[in-house]
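> Residue-level listing of the chains:
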Amino acid sequence: MSRPATRRAWPVLGALVVAALLVVVAAPTYYVNLAVLALVYSLLAMSLNLLMGYAGLTSFGHAAFFGAAAYAAGILSLRYGVPFWPAAAAGIAVGTLLGAAYGILVAGSRGVYFLLITLALGQVTWGLTLRWVSMTGGDNGLPGITRPDLWLGWPLADVRGYYLFALLIAGICVALLALVVASPFGHALRGIRESPSRMRTLGYPVWGYAYAAFVVSAFFASVAGVLYVYYNGFVSHQNMQIAVSAQVALMVIIGGAGSFWGPAAGATLLVFMQNLLSSVTQRWMSVLGLLYIVVVLYQPSGLAGLVTQIRRRRAGRPEERVATPAVLPTAGDRNGWGR
Amino acid sequence: MFWITLVANGVAFGMLLFLIGSGLSLIFGVMRVVNLAHGSYYLIGAYLGTGVAAATNSFLLGIAAGVVATMLLGVVMQTAFLERFGGQILAQVLLTMGFLLLLADLSLWVWGGTPQILAIPDALSGSVRAGGFVFPRYRLFISLLSALVALALYLVLERTRLGAQVRAAVDDPEMAQGLGVNVPRLSTAMFALGAALAGLAGVLGSPILGVFPGADLEILTLALAVVIIGGLGSFPGTLVGSLFVGLADNIGKALFPELSYIAFFAPMALILAVRPRGLFGR
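Heads up: the sequence lines are chains V and P, in that order. Mapping of the first sequence onto the numbering used here: residues 1 to 339, in sequence order. Mapping of the second sequence onto the numbering used here: residues 1 to 282, in sequence order.
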């Protein structure tokens, strides 16, 4: 984000905050529930965007960290009666540590290798969760997790109070993510996305940067997982399925990988679509699959790319082509792809 | 006896995985694309084969139906969708993810959620005695048939003109194209072959594993483990990887059912940490 763009973004940001606060007072309960989900998945998608959009590492296993954090917090609170804050901290720690462990295995890979290894790791984590019945409840999952007994101008047990809480936590995380993205580290990630070999020549420890990005991303995904489990009161292996990882990746792509706010827009769009469509059809997975195909075919740069295209057209420069984000490299770009 | 059965079953399962893994590996070799819908071919082949075999009372017709249908599916996917994105590897992989979700849901729609199983044909049921050992005949059949397919694949790849073209395209697609090899058509051929092999594996696997929603992902995970361990695009790697995963999965499930995924996950992680491109990867 360049500086003038940031200055232009302030009124938009202000309007967003006002709108987000208005939801609490004005929206019907059903939409407040959806808004909580939108916040949770926005945070999850933005955490994945750090990898996909900024570092150019497309992961199909992100649900593993989300789910591990949710399970850990859920198990501690349900089986051991651990209060909210320590259980939440432990959940985030477990998800982040899992990221730190998996990061060792994937930080040296790029492109399709990275994608398929994260997919395999995500599936293995899911399989373990499903079969480790004595700990995770297997197919039945863990029902009956209660919302924290806190008060934030509104009791958190009520969904409106929980929404405010989620808004606060997600807001803090987004601010932190903005700092990460704007830092020299964030710029180095973009450099790695464009050309790992050049960055290596310049003396950047590419492995270390990719590893750090992976762990940071897992940390924010874990925060989203903990927010989710206390909202939902229930966690099951379905929260770890590849469908979740694929859906989050699609949120990033639909929003526009590498744009800061795009993934949040993609997440909100998909959350509302899924819940509004669920009253019409049971075939959400088909819709998701078709969306994948349509987006890749017609709008690979996502909503963010669409906005750029419209702006350019207004400015009378329709000929200019919009840069496709690094997740969809062109034929000539073999950097880090395959071999 | 327990161990011998376990190993025999593991080998049979491993050879079944080889049929799937080799298609995945071939497609990757020529196109650099990991086809995430590969497990879906297995699923659809299994459902169709089971249905046709039950309706016609012929195992062979079941196999034919599964193989032909998945082959057509693979060709349509490649020519109508993936080919447009020649060279844009990630776009192609994302497309296959779309097909994975779509085909899984459509299968659930068409065939419902109840697991189905194909009866073992009479000629292949029962078991074979050799010395003091007893092998289930059907698993022996799977192992032998898959070994034959492996041998045929090897001979075609190493000894024929087509095989030479494939190897050239694997080594350097652009140079091969420049030398007159029709790489897009070769890619379609590999897609058809890979899909057909996965469909075949689906029909063959149905009598011992059954078909159910989610079988596509279960198989895809194991097939990914196979190619991660063996090395993507490597023929001997796929063979070694599939036998390893087949054995580890079977033995793991028997010894510690709750944590059976660890059995192939731990070695896979170890290999990744030491050799990120797999045992035989370049």
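Everything labelled a hint here was simulated from the structure, so no lab data went into it. These numbers were taken from a predicted model, which means no experiment stands behind them. The reader is advised that the hints may include incorrect statements.
[As the list claims (entries may be wrong)] Within a straight-line C-alpha distance of at most 20 Å, the following computed SDA-like cross-link-like pairs (lysine to any residue) qualify: (1) K253/P / V112/V; (2) K253/P / S197/V; (3) K253/P / A26/V; (4) K253/P / W207/V; (5) K253/P / A269/P; (6) K253/P / G281/P; (7) K253/P / V133/V; (8) K253/P / S195/V; (9) K253/P / G127/V; (10) K253/P / G138/V.
> None of the hints should be skipped; say for each whether it holds.
These are the hints, each one checked on the structure:
Straight-line distance between C-alpha atoms of K253/P and V112/V comes to about 30 Å, which puts the hinted pair past the 20 Å bound. Of the pairs offered as hints, the one joining K253/P and S197/V is violated, with about 43 Å between alpha carbons and a cut-off of 20 Å exceeded. Of the pairs offered as hints, the one joining K253/P and A26/V is violated, with about 53 Å between alpha carbons and a cut-off of 20 Å exceeded. Pair hint K253/P plus W207/V does not hold up; C-alpha atoms about 35 Å apart against a cutoff of 20 Å.
Pair hint K253/P plus A269/P holds up; C-alpha atoms about 19 Å apart against a cutoff of 20 Å. At roughly 28 Å between alpha-carbon atoms, K253/P and G281/P are farther apart than 20 Å, so this suggested pair is violated. For the proposed pair K253/P and V133/V, the alpha carbon gap of about 14 Å is at most 20 Å, so the pair holds. Restraint check: the Cα-Cα separation between K253/P and S195/V comes to about 43 Å, which exceeds 20 Å; the hinted pair is violated.
Proximity of K253/P to G127/V is assessed by CA-CA distance (about 12 Å); at most 20 Å being required, the pair is judged to hold. Pair hint K253/P plus G138/V holds up; C-alpha atoms about 16 Å apart against a cutoff of 20 Å.
Hint compliance for this structure: hints 1, 2, 3, 4, 6 and 8 are not met, and every other hint is.
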